[in-house]
Amino acid sequence: MIRMLSMLLCLSLFFMLLAGCWSRRELDELGISVGIGIDKAGKGYKVTTQVVSPGEIAAAKPSGNRAPVTVYEATGETVIEAIRKITTMSSRPIYLAHLRVLVIGEALAREGIHKPLDHFSRDHEVRTDYFVIVAKGTTASNVLKILTPIEKIPANNLYLSLDTSQKEWAPAATVTLDELISDIVSDGKNPALSAVKVVDKQIGQTQKNIEIIKPPGHLRFSGIAVFRDDKLIGFLNEKESKGYNYVTDNVKNTVGSMACPNGEKIAVEIMKSKTKVKAKMSNGNPRIEIKVSMEDNIGEVECQIDITKRETIAELEKIAERRVHDNIMNTVKKVQRDLKVDIFGFGEAMRMENPAAWNQLKQNWNERFSDLDVFVTADVKIRRIGTVANSFHKEGEE
Amino acid sequence: MAGGEKISIRQFTVLAMFYTIGTTILVIPSTLASDAKQNAWIASIAGLLASMAIVALYIAIGRLYPNTTLAGMLEAAFGKWLGKLATLAFIFFSFVGGSAVLYYMGNFMTTQIMPETPIGAFIVLFGGLVVIGVRLGLEVLARTAEILFPWFLMLFIVSALFLLPEIDLANVKPIVGIGLKPIAKASLAYTGTATLPLVLFLMFFPAALNRKQGAGKALLVGNVIGGLFIVIVTYLSISVLGADFSSRNLYPSYALAKKINIGNFIQRVEILMAGMWFLSIFFKAAFYAYGFAAGLARLCGCKDYRPLALPCGMILIAYSLVVYPNVVYMMDFDSTVYIPYAISTGLLLPLLLLAAGLIRKKPGGRTNE
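Top to bottom, those sequences are chains A and B. Going by full-length UniProt numbering, the residue at position 267 of the first sequence is 267; the numbering climbs one at a time, nothing skipped. Going by full-length UniProt numbering, the residue at position 124 of the second sequence is 124; the numbering climbs one at a time, nothing skipped.
Warning: the hint list may mix true and false statements.
As the list claims (entries may be wrong) - Straight-line Cα separation of at most 20 Å, PhoX-like style, residue types lysine-lysine; simulated pairs: (1) B:Lys303 - B:Lys84; (2) A:Lys278 - B:Lys173; (3) A:Lys231 - A:Lys340; (4) B:Lys173 - A:Lys276; (5) A:Lys46 - A:Lys201; (6) B:Lys173 - A:Lys280; (7) A:Lys381 - A:Lys318; (8) A:Lys362 - B:Lys173; (9) A:Lys239 - A:Lys272; (10) A:Lys274 - A:Lys239; (11) A:Lys274 - B:Lys173.
Said to hold, decoys possible - Cβ-to-Cβ under 8 Å is the rule here; a few derived chain A residues that face chain B: (12) Ser23; (13) Ile181; (14) Glu353; (15) Pro355.
It is worth saying that the hints were derived from the structure and are not from the lab. These numbers come from a predicted model, not from an experiment. Beta carbons: idealized from backbone N, C-alpha and C, even for Gly.
Just chain A, same shape as in the assembly (with noise of 0.2 Å):
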């Protein structure tokens, strides 16, 4: 009998197990946001969410009128209780595990970035997978409102496009949070974001803008952001970002046109590239080394010029050179006088190199950079030249 009592007292344990989990969250309570920005509003922050409704992503047929995503804004003192207050407005809890972007309006990025940023590394949901980008000339609010065209996620449309043009065009910087945190306590690289901008705020929130071929708001990278610490004191123009990148050895795939030798253009394409950077102390001087070695194709003529010549490709390897030479030091260059930041990492690279000299170096590192030697050594080796060997406006034209 008391055998009976005590199996049936068990099995009935076995009823909490049944209730299921505790901190159970399923998924058709919660508003998975994919793309977060931060703007300031007054002393406290505006945050935009930009919410999945699943209704439109993920169900076998669409009802096609309503927009794929929703976007919540609320203020807050700090972050986390502009967050919550979202729920205000939407139906569900925010959740924060799928975030595709993080984005940063200008004004806030020019006061400073550290203060914010500390919920998304605190908080236990939030990876650290995404990118952070800054919204140029704009807020953060307003970059997330735009609706794109092929991806119906826009902010998925953000993080896609800045990791394919890192890739097949370069002057992006694909930035992940906690990239940036370690930039930011670094005494030896300044932070550096990509920039974003809006065209045509007005139709882009409209679900008009992607019934149209080419719709007319969009977003676009332009360039990258540069910090001094956490805030923003300036941006970079495309080539200018590219120079940065072919620093940072962040240069995976590229193209660049060049003039021929008599004054038309060839342009190749950039199939590998490697930088290493030497930092080194010279008669009591810091000194930085840069190297980059590449490998180029061919990938467009436009003059008249015998590439079937080992001659022409020997002389056109030092075009190239002499140009990705130009390139970064004009990068550098401007960083140096007109932004007064390492954003390159070259303290870095002292640390890494002769710790004992950093040491006596980073007390005033910003300062010093200012007017650092810098070399540049380029290394260009052409490869292959596409698959015709001549192009065809030599007998066209001659």
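We have chain A already, so just place chain B on it with the hints.
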């Protein structure tokens, strides 16, 4: 006193390994990185070497008293009353250690995975498992370790391989540049967490082993293998996350697993890392509880420690809920009070024990054992 329980050399090796990995794997990369920065992995190797010396001490004690448990050794060396007092010190050590480990477990779950769930839910579930383990006895625990080891190994290898593409060697440079002092301090933290608690293994080492030769080697091998796992995790943590992020993070190896992303397909697998940790921490908690129950049984003159498993477990669970008032207290305690405490119990007392034992044995050969 071990109740006639016998475990094999291989089982013992795996137990020692799990016990060494214990809580160390999840928290130590952070402690090491905050002291030794990018050289944290060197500090962990230094800690591994220091651990070998400590293990040698335990082995020497084991050689001196091959057939009795820790309490018996203490009484043989220090006499009845002093010996009982020293036993009490070990019982208290396992009591504090056991409840701290349960708290670690609950705190990890409520911080990283399910913040809304009360910490008691995790501690009671996990503590229940520990009670069942101790009640079933040493042999069952040893076989469990033997069965779980391949799974642990598989999870570890898979996650380590998946992390290889994320390694950035710049994060570990420069290899010099941090003085010896931080490395020594960090390796002390490593030894305190990973190796000094191994002193509790003297409760059944080498008395409960089915063969005496090779027993010492098994303890050493288990400790070194466990240490290697920690060295690897520390290296990965520094090279993937960087020294700053590793030291800032409460649970760097969990943050590390979040980094895994193979072709946008294999990702969000950090719970694997947590699963590995559940395995190793189970053995750590179980042997603290074993030390608590078996020590108490011996002190009170009970024949068997197993009936004490449930009451001891209940005390541990209750105490683990109040052992640390908050996380900051825990971190502060671990970095200041815990290490000297572990040294006094895990190093000084055994040294005294060895010295007293050697002196007693010298004149008359075998004494009262």
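Cross-check of the supplied hints:
Annotation: proposed proximity of Lys303 of chain B to Lys84 of chain B holds, straight-line Cα distance about 16 Å (limit 20 Å). Distance check on the hinted pair: Lys278 of chain A and Lys173 of chain B sit about 13 Å apart at the alpha-carbon level, within 20 Å; holds. Proximity of Lys231 of chain A to Lys340 of chain A is assessed by CA-CA distance (about 13 Å); at most 20 Å being required, the pair is judged to hold. Between Lys173 of chain B and Lys276 of chain A the CA atoms are separated by roughly 15 Å; this keeps the pair inside 20 Å, and the hint holds.
Taken as a hint, the Lys46 of chain A and Lys201 of chain A pair is honoured in the structure, with Cα atoms around 19 Å apart against an allowance of 20 Å. Pair hint Lys173 of chain B plus Lys280 of chain A holds up; C-alpha atoms about 15 Å apart against a cutoff of 20 Å. Restraint check for Lys381 of chain A and Lys318 of chain A: the C-alpha separation of about 9 Å stays at or below 20 Å, so the hint holds. For the given pair, Lys362 of chain A sits about 17 Å from Lys173 of chain B by alpha-carbon distance, which is consistent with the 20 Å threshold.
In summary, the hint linking Lys239 of chain A to Lys272 of chain A is supported, as the alpha carbons are separated by about 18 Å, within the 20 Å threshold. Distance check on the hinted pair: Lys274 of chain A and Lys239 of chain A sit about 18 Å apart at the alpha-carbon level, within 20 Å; holds. Of the supplied pair hints, the one linking Lys274 of chain A and Lys173 of chain B holds, its CA atoms being roughly 19 Å apart against a limit of 20 Å. Here the hint on Ser23 of chain A is kept, as its CB sits about 4 Å from the closest CB of chain B, short of 8 Å.
With a cut of 8 Å, the hint placing Ile181 of chain A at the interface with chain B holds, because the nearest CB-to-CB distance is about 7 Å. Contact between Glu353 of chain A and chain B, as hinted, is supported at the beta carbon level, the nearest pair being about 7 Å apart and thus within 8 Å. The closest approach between the C-beta of Pro355 of chain A and any C-beta of chain B is roughly 3 Å, which is under the 8 Å cut-off, so the hint is satisfied.
Of the hints listed earlier, there is not a single one the structure fails to meet.
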